Each structure stands twice: as structure tokens, then as C-alpha cells.
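Residue numbers (the working numbering), protein chains in the order written: chain A, 1394 to 1527; chain B, 30 to 263.
Some hints here could point you the wrong way.
Claimed, not checked - Distance condition first, Cα-Cα at most 30 angstroms in a straight line; then the derived DSBU-like pairs of lysine-lysine: (1) A:Lys1484 x B:Lys35; (2) A:Lys1484 x B:Lys94; (3) B:Lys172 x A:Lys1421; (4) A:Lys1421 x B:Lys36; (5) B:Lys36 x A:Lys1484; (6) B:Lys159 x B:Lys172; (7) A:Lys1527 x B:Lys199; (8) B:Lys35 x A:Lys1421.
What the hints assert, rightly or not - Computed, partial: chain B to chain A, Cβ under 8 angstroms: (9) Arg151; (10) Ser197; (11) Ala198; (12) Leu202; (13) Arg204.
By construction, these hints were calculated from the structure, which means they are not laboratory data. None of these values were measured; they are calculated from a predicted model. Don't be surprised by glycine CBs; every beta carbon is placed ideally from N, CA and C.
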Amino acid sequence: MDTQDLTLHLSDTTHEGRHFHVMPIEGKEDVLQVTVSGAEEMPVYLTADEAQILCFTYLFDEGEVIPERLPTLLDNMLRLSVPMPLSALGKIEQHYVVHGALATSATYREIAQELTTLADNAIDLLEIFEDFLK
Amino acid sequence: MKSVFKKMLTAMRGGVNELGESVVDNQANRIFEQEIRDAENELQQARQELAALMAENTSLARQIKNTEDEIARREDDARKALAASKEDLAREVAERIVEAERQRSELTATRTKLQGKVDSMRERMQKSEKQLAEYKRELQVVKTNERVLRTTAQIDTNIGSNQSSLTSAKTTLARIRERQQRLEDKQHASVQLEKELTGADLDERLKAAGIDQESDAVEGVMARLKASRSESAS
Chain A
1394 MDTQDLTLHL SDTTHEGRHF HVMPIEGKED VLQVTVSGAE EMPVYLTADE AQILCFTYLF
1454 DEGEVIPERL PTLLDNMLRL SVPMPLSALG KIEQHYVVHG ALATSATYRE IAQELTTLAD
1514 NAIDLLEIFE DFLK
Chain B
30 MKSVFKKMLT AMRGGVNELG ESVVDNQANR IFEQEIRDAE NELQQARQEL AALMAENTSL
90 ARQIKNTEDE IARREDDARK ALAASKEDLA REVAERIVEA ERQRSELTAT RTKLQGKVDS
150 MRERMQKSEK QLAEYKRELQ VVKTNERVLR TTAQIDTNIG SNQSSLTSAK TTLARIRERQ
210 QRLEDKQHAS VQLEKELTGA DLDERLKAAG IDQESDAVEG VMARLKASRS ESAS
């Protein structure tokens, strides 16, 4: 997966009426920040290696969770993770994230679908879990 | 795999899973990758050896079959010689049979040994194939974990604190709501504009003021009808 090609393609395409704003994140790793129209507040980060394309969006940090509500929140997150389309809930260091992985053979269309779904899911999740946050 | 998961979790919980302190450093990963490649090469070689052994086995089976055919043929010959009362000839044939039988048992012994070799080699290969797949899976997990950590570190450094990845979820939610409100306002405004452009808005206001053009028109027609009726009646 060539992220430059992907950048050009995504910038130039719409998927189900949504368009994408792609910004490479400077550094050693190939990382793209993708903002999906209609869900601009929840940028999706995309990184690829020889085995898979990994996409994720930050939801909230552990410090933002009301401590006594954490067990219920985690239980809810696990339960939602299974039926949620094309994404799963997870944690990277102190960040809770919603993420999805694609095979490197994924088509541009599939990637666009994944990005859109992730961004939309992220907004819904944030709204659902608002009560658990400080 | 269990041990890798365990190591990773311990490192994560202990907070040592920071950049530069990852569970297995890059150098170790490269060594591991090289080991996997070596193992794959060895496996490939073993596969070729196994193929050669299996070919040898097939050839032995053919030789055994030939010997058995010869024994059967010679026994037939011997029986015929005996029937013709040619005992000397029959004895000579019997000697051939003994020789062929000796050959057969030698070949069979070799084949049994070879079969054992093939079986154990196959078993060893299956084991190492399984082990190799396991190593590959472990390596993938470790590499993905590191990639994720490096990626998030890179994002944190580049995005800084002025963007959503590091702003609080509550602030983000407020922004989401603002956008949703803006969208709603916009939709409302466009509906309003549409009404104004088509005159639907004016009609609505006239109706609200008790002035309904349509019912006025009906009343007008009714009055006209009534008037013409009274005219024709007079």
C-alpha cells in the first residue's frame, strides 16, 4: 500500500457523498491523518505495513473517564465492539480508540468505506459514552 | 503466542511500553525475522529431500512387485517341470525362487526402513511448519504493536495539543454538537428560503391571518352558482 497514491486518490474522490481531507503526518512512519466530511471532529489515522492497513481514531483518554464508572464503561465497550461495523474498540497507551484493520490488498473503495465508517462510529461512540466522562 | 501476549501486557501495564523501550527492540525483531527466513529455507530443503525419498520409495515398491511376479512365474515353471517328472529342472528353478525370495525380503526391509524415514521426516516437517507459522504470527503481533506505538508517538508530536486527538472528548463533543446545530440551522434556513421563493410562506401567513385564498375561491364559485340559479328560477 503506497500512502502517496492513497493520498492522491482519497483527495480526489467522494464516497457515499463524503469527501476526504488527507494530511501526511511527518516522521519516520507512513501515517496519514484523514478527515471525513460530516465527521471532521474525529480524524482517522491510517498506517500501513506489509501485512495490513491499520486505521484508528482517538475517542478519549483514561484520565477523562469518571473512575467509578470505568467498569461499566469497559463492559459497554466490549459489548459494542462486536456488532459495530468494520471497527473494534481498543486502547493504545492511555488513549481509548476505535480501530479497524484491512488487508494490504484492500481496494480504494474499501479503504474509503472503512474511513467513513470509523469516523461515523467514533462520533456515535463519543455521544454514547459521554455520561462516563468527567 | 501466549508468552508474547503476556510479555506485552506486562510491559504495557508497567508503562515501559514507551518508544525505545518496546518489548522486543528492532534489532531483536530483525534477528527473529532472519531466523524465520532461515527456518523457511531449511524447510524448503527438507521438502526437496522428502520428495526424493518418496520417489525412492515408489521405485522400491516397483522392484518388489517385479520380484513377486518373478517368484510367481518361477513357481509355475517348477510345478510344470515336476508334472513332467523333470525333478532336476524343478530344483534349478527352486534355487532361482530362493534367490528371488531373498531379494524380495531385502527390498522389503529397505522399504520398511525408508518408509519409517519418510514418516518421521514428514512429522518433523509438519511440526516445524506449525512452529514457523506460530513465530510469524508472534512477530506480526510484536511488529504491529511497535508500529502502533511509533505511529501514536508521531501523531502526538506532530499534531500537538491544538487538535482533536489531544483535546478532551467533551470539547470535541461540543464541537460535534455545534456542527450538528449549524447543519440543522442551515436545513431550516433552506426550507424557509424555499417557502419564500415558492410563495408557500405567504400563503401560510395569509391562512394564519384567516385569509385562505383557496376557500375564498370556493366561496366565490358557490356565490356565482347560487346567483345563476336564482336568475334562471326567476
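These are the hints, each one checked on the structure:
{"no.": "1", "hint": "A:Lys1484 x B:Lys35", "verdict": "holds, 16 angstroms"}
{"no.": "2", "hint": "A:Lys1484 x B:Lys94", "verdict": "violated, 66 angstroms"}
{"no.": "3", "hint": "B:Lys172 x A:Lys1421", "verdict": "holds, 15 angstroms"}
{"no.": "4", "hint": "A:Lys1421 x B:Lys36", "verdict": "holds, 26 angstroms"}
{"no.": "5", "hint": "B:Lys36 x A:Lys1484", "verdict": "holds, 17 angstroms"}
{"no.": "6", "hint": "B:Lys159 x B:Lys172", "verdict": "holds, 20 angstroms"}
{"no.": "7", "hint": "A:Lys1527 x B:Lys199", "verdict": "holds, 8 angstroms"}
{"no.": "8", "hint": "B:Lys35 x A:Lys1421", "verdict": "holds, 28 angstroms"}
{"no.": "9", "hint": "Arg151", "verdict": "violated, 29 angstroms"}
{"no.": "10", "hint": "Ser197", "verdict": "holds, 6 angstroms"}
{"no.": "11", "hint": "Ala198", "verdict": "holds, 4 angstroms"}
{"no.": "12", "hint": "Leu202", "verdict": "holds, 6 angstroms"}
{"no.": "13", "hint": "Arg204", "verdict": "holds, 5 angstroms"}
Hint compliance for this structure: hints 2 and 9 are broken, all remaining hints hold.
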